[in-house]
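K.L.:
Single-letter residue listing:
Protein chains: 2
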Amino acid sequence: MTTIRTKPRLSIEYCPKCNWLMRSVWMTQELLTTFADDLGEVALIPSEIAGRFTIMVEDEVLFDRKKEGRFPEIKELKQLVRDKVCPEKSLGHSDKNKS
Amino acid sequence: MTTIRTKPRLSIEYCPKCNWLMRSVWMTQELLTTFADDLGEVALIPSEIAGRFTIMVEDEVLFDRKKEGRFPEIKELKQLVRDKVCPEKSLGHSDKNKS
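Same order as they appear, the protein sequences are chains A and B. Residue numbers for the first sequence follow the numbering used here, beginning at 14 and rising by one. Residue numbers for the second sequence follow the numbering used here, beginning at 14 and rising by one.
It is worth saying that the hints were derived from the structure and are not from the lab. Treat the hints with caution; some may be incorrect.
No distinction is drawn between identical chains; accordingly, a pair holds when it is met within one copy or between any pair of copies.
Said to hold, decoys possible - Here are the simulated DSSO-like pairs of lysine-lysine, each with C-alpha atoms no more than 27 Å apart in a straight line:
(1) K102 x K30
(2) K30 x K20
(3) K30 x K97
(4) K80 x K97
Using the sequences and the hints given, assemble the complete structure.
P.N.:
Here it is as structure tokens:
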């Protein structure tokens, strides 16, 4: 039953004690709505490290809350994922300003 | 930044064309609320196989929609995960009837 995964894996490691599950899940459904054909999987990882909120594509950090001092905007996050995973993809009308 | 994962991985492979993302995400947040300390990660996998809805713990099938002919009840799913991952864990008042 195992499906061999050839598309990239995105992971969100979040701090459960900070109650960041729901926003992580929300980002997951946003990403899987936009990138269903482009991502192999999105994994949610409850972190044992307090305050951790790190989004990775494979082994590369895409966004780290500690480094950035904030959470990503969803538009920004989708642009980061697109640029990394499928740079030719248009994100539609929300993609006009690459702020 | 990579965290070494020692707890088991649960995965939900779902058919995006059947619009099963939202129920998969809902099950994910239910499982990660209950098993934040017990699961290493929950991965959502958009399947390329039409009609696929398969929940696995590591490489073992926990629930397969095609085999069962239905989706799991959330209580049933939590009992299956508990029995597999942390059999000593109580699921509280929802755990009285192991139907």
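K.L.:
Compare the structure with each hint and give your call.
P.N.:
Taking the hints in turn, this is what the structure says about them:
1. K102 x K30: between (36 Å within a copy, 20 Å between copies)
2. K30 x K20: Between. Shortest inter-copy distance 18 Å satisfies the 27 Å Cα cut-off; intra-copy 31 Å does not.
3. K30 x K97: For K30 and K97, the Cα distance is within 27 Å only across copies (24 Å; inside one copy 30 Å).
4. K80 x K97: The answer is within: 19 Å in one copy meets 27 Å, while 37 Å across copies does not.
Of the numbered hints stated above, none is contradicted by the structure.
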